[in-house]
Amino acid sequence: MMKTFKQLALASTMLAFVGTAAIADEIKVGSVAGVTGPIAELVVPIVAGRQMAADQINAAGGLLNGDTMTMVLADSQCDPKAGVDAGTKVVNVEQVVAIVGASCSGATNGMVQSVTIPAGVVALSDSATAPSITDLDDNDLVFRVAASDAYQGAAIAQLAWDQGYRTLAMTYANDDYNAGLAGVFEAAFKGLGGTITSNQMHEPNKASYRSELSTLSGNGAEGLAIFAYYGGSGIAIMRNALEAGLFEKFLAADGMFDQSVIDQIGADVLRDNIMITQAASDYDDPSYVAFAGAFEATGHSPQAPYAAHGYDAAFLIALAIEKAGSTDRAAISAALREVAGPPGVVIRPGEWAKAKAAIAAGQDVNYEGAVGNNDFDGNGDVTGLFSVNVVGADGKWTGNLIR
Amino acid sequence: MDQLYGYSLYGLSLLTFGGIYAMLALGLNIQLGFTGLFNAGIAGFFVVGAYVSAILSTAPSERHIGGFDWPIPFSLVAAMVVSALIGWAVARICMRLRADYLAIATLGIAEILRLIFKNETDLTNGARGVSYIPKPYESLAQPWNHVMMTVVVLAIVAVLYFMLERARKSPWGRVMAAIRENEDSARAAGKNVDRLRVQAFVVGSAMMGLGGGMMAHHLKFIDPNAADPTTATFLVFVMLIVGGSGNNKGAIVGALLMWTIWSATEIFTSMLPGDLAIRSAYIRVFLIGLMLQIMLQKFPQGLFPEKRLETGSSG
Amino acid sequence: MAILELENIHGGYGQTEILHDISMRVEPGEIVVIIGPNGAGKSTAMKSVFGLLNLTSGRILLDDVDITNTPPEKVVRQGVCYVPQTGNIFPNLSVHENLEMGAYVRQDDFSGRLDEIYELFPPLVEKRNLPAGTLSGGQRQMVAMGKALMLDPKILLLDEPSAGLSPKYRGEIFKVVRDINEAGTPILMVEQNAKQALGIADRAYILVDGKNRLDDTGKNLLANKEVAEMFLGGGKTEVKKPAVRKARGTPKT
Amino acid sequence: MIDFINFHLIPGLVLGSIYALGAIGVTLTFGILRFANFAHGEIMTLGAYLTLTMMWLTGWHPLILLPVTMVILSLIVIGMDQAFFKPFRNSPAVTVVIASFGLMLMIRSVTQFSWGAQLQAFVPGIQRPNVFFDALRISPKHILIVISAMVLMLVVHWVLAHTRIGKAMRAMSDSPELARLTGINTELVIKATWILGACMAAAAGVFLAYDSHVSTMMGFQILLPTFAAAIVGGIGRPYGAMAGGLLIGVTEELSSYAWLGDGPLLEPGYKAGVSFAIMIGVLIWRPSGLFRGRVF
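Protein chains in written order, with this note's numbering: chain A, 4 to 406; chain L, 14 to 328; chain B, 300 to 552; chain Z, 2 to 297.
I should point out that these hints are in silico values taken from the structure, not numbers from a laboratory.
As the structure is a computational prediction, the values presented were derived from the model and not from experiment.
Even glycine gets a Cβ: it sits at the ideal position worked out from N, Cα and C.
Please note that a few of the clues may not be correct.
Unchecked claim - Listed next, with one range per pair, are the computed distances between beta-carbon atoms: (1) A/Leu404 with Z/Leu155: 38 to 48 Å; (2) Z/Lys87 with L/Pro318: 18 to 28 Å; (3) L/Ser74 with A/Ala356: 42 to 52 Å.
Given only the sequences and the hints, what does the whole structure look like? Please build it.
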């Protein structure tokens, strides 16, 4: 027992040492994400995206007077309890100047309402998409680069309509993200004149969805719209549906956008049969290309859902700090809008040195990010650009911006 | 200076969370510690209390039924009453079951409760949760809002503690201890064992409902994910076992200590570079499991072993 | 040379001492009976042989080998078999499987022994594939004894084999006990039915309050006036009996 | 009607076979060691990941690797027993159950740490079902899963009914005290119990992964239905567990069949609650399980 205690004590001393060693000239930004919990598999690339932004910035001169930008990770577990706890830690103990996160809408809702708004810290979420975040009474302290489901739901509905779908069956995982998206989609598709033959909620993480699919397929729909995380239930549903021959055509949103969908189901089966919208920039857009090249070099797929958002969010926070010229939380919050939208020198991913020079010269900057122009509206939301993605000849997703 | 101020605020947060968990742990202590009832469905009573208090106290909203704009004290009482009623129903049904059967049954019931709150979208806004839950003293300027929240939580814990200590030393508490030690002889001595057990279960459930309600007010937001069994059930068990099952002081200290460990370890692990920081989140869970094992194997009585009362000649 | 010898043992469960200086022995070929009032430590004394309680002093010798505080699974391997008063069969196993379990520690072929057991207990033959829990009380007792005899033990310990049985079965069980003994197995037995037990006993020990009170041959004790008053008397004991039964119902006395 | 068989009954049987295999381990532990092992779900998960790792190394079919997985998993589980359960042999059930909570958290984090949270698949691509009689659609992997599960259940039956150690396991499940008095080496029986349970858990995990995918939470997600299966069948009764598993699996799938009108009988969102509801019902009205009395 004593031995265990000694080892623990030793370990914590070492950690404390690492901590103190890094404190010199660093500016901390909170990185709150659902590292454990139901979307653990999605979070890894998102955090990597945020980290890559910080690494690039530090390599290109750092913040303000060469200070290091440190992303302080805290686990929000997709649980509002953990979200509040994580927010408290980064705000009070780590004294972060701003926060990127949290991941899930529920954790974000708790964190901002209970912690960051009262504390006056700006929170910029890269993946919380619930419409309920839009109308928070937030003193301009809550922003997101992920478009509200209200936009994406409508975008998928329009896409489906344009592709000639008139009757669709739909199913959604019962979680904060997918339930919101499904609601918007249903209303929008019906508004266009389409018919939803059957709409079913499902509980994620079940071993089989065959009986649900059988009910869904009853009324002769042309395809199935799936709102789910690929890991929680999305892949299982598509697999079950294809194996049973119940549906051949699928529509989905960015929770399903991952290479593992193709890897696990098979490119040949999915080619021409699936369309996934994703909040993203045009893949030919120089901003996206700049991000994708660098991110791929870190060993992650640039197409991973919300990874580019993570990058943009961290980069925007850095720009706001630089623009504010200080680590004052209120000043950063005020500067965030200015650096995100026009007018100003256009800054693209990776162009930190250019941004730093422009700001030093007193110019305005306008970040055009990997996922779009990131211009915030009055509620701190972005309209977002969406791409439609299909399976390309190489077995990878290929996307085109929806105009 | 800022750093010190920040640490103080974090300290308040630890006390608030720890205090709310202490309510859950005290509730569990009545059931498991005093009476030997193995309730593995803490999350169920927690989520009931949280939603009841949340919906009653919020301003009217289109997203869910109500709100009813009740003052927080009233909504908390309602949360306790509803949790107690559900506890009563569960107890009536499950009281005859052997310890581990009871655990599995209550775990299943908690899961069903969570599914109800998640699926009955018209009532609860489903998975999207309830927002704008009022928080006691939130209009005060920082840090006094935090200070007052902590004071409220700790005051409730203190009241519960004194009530439970009195109950433990009362004839009622002695009979409970006697039942746990030897059910047959308590029965032989003419005690209505089943009724007393139901009482203990109901009181414990009400306290878990109170904890859930306080958590909703503290978070200002609640969704079904907050009733995740790992942090709403298992963590409470760890707290009680570490503190000392059967000892109210142990339940409180266990809750405060384990919450601090649960929360504060991350401050260290997040200093690890990149990928390791993510992976260390898993290690944190591992350490909690290991700690539980070490406590159970080396210190099964916990930090505060139960003070055995003389159960008298009736036992 | 005694098969089994208890020398001045003290001990009990946990901290409570129940046996205060008990000595007894079983010679080859004997039936030895332990009788005594309730709570005298009769069953406890028997369990002490099986390493089921904590002995603080004294020793237990099996064939002059010290087996004090040896755990039960090892005592069985030394050739001592014990039939507890209750829970002495595996109710969900068939009769046949119960007997096979009795031979668990045997590595050799025991089919011959199985036949002998069925010969000793003919009613079991047609029930051999039924779960033992479905049998009547007397037949269960046969299964329990048969199971214990599978090892052809050096000595057989029986804890109140006739408890709870109807008078008809009781007689049968005592007959079986004598048959077993006549086939060469020494028996140490605790009994409430003192009269019948002393009738078949070569020698008997009377324990009171965890101490030796009397020991003599079965015949002499049957004739002993004090014993007659304590255990064999007329109406007095009959009145006492229900009370005794009830008290016995409390767990693990 | 054919839809009923294709999309409700057959998936129910597949799922039920998996539950049944898991429930055998749960029920054996419950019967012989007298506690509900909450770590059993993570043991199933571990089985799936071990197989996955070996598939990366060898490229062989998961079912061929299953025996190897069984051996490795058995060794791991026996090690766990020595380190984390043996100290509690004489403790009350509550303590051991809480210890198993702890172990559950530990195994899960080790799995997440070692293999990451990312979803994995045994076999990429999908497998179209074979069509029999123009209407009956059964996927080859489902045939494989159900048949393998049946074979394994027969093996379990054979072990319990005809081997010395199997009978000793049942004896100890009946009465641990008498088992000791009979000279049964209880530690050996406990080891055998873990081995048999681990082998079945390995199969359950591998079949589940083979039918869908490998994830770190997969075992925990089927843990409660597995408990339900064990309880419905009567705790400590492997044959009951098999029947209970099939019953729970089929009922879960049938609950959302359109028995009345067009809509599903029960909203699929509540599907996860079906097994708990059955379990609680059984606990209340028939605590000894559906198959009281003679079990074999």
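Hints violated by the structure (numbers, ascending): Per hint list: single violation, 1.
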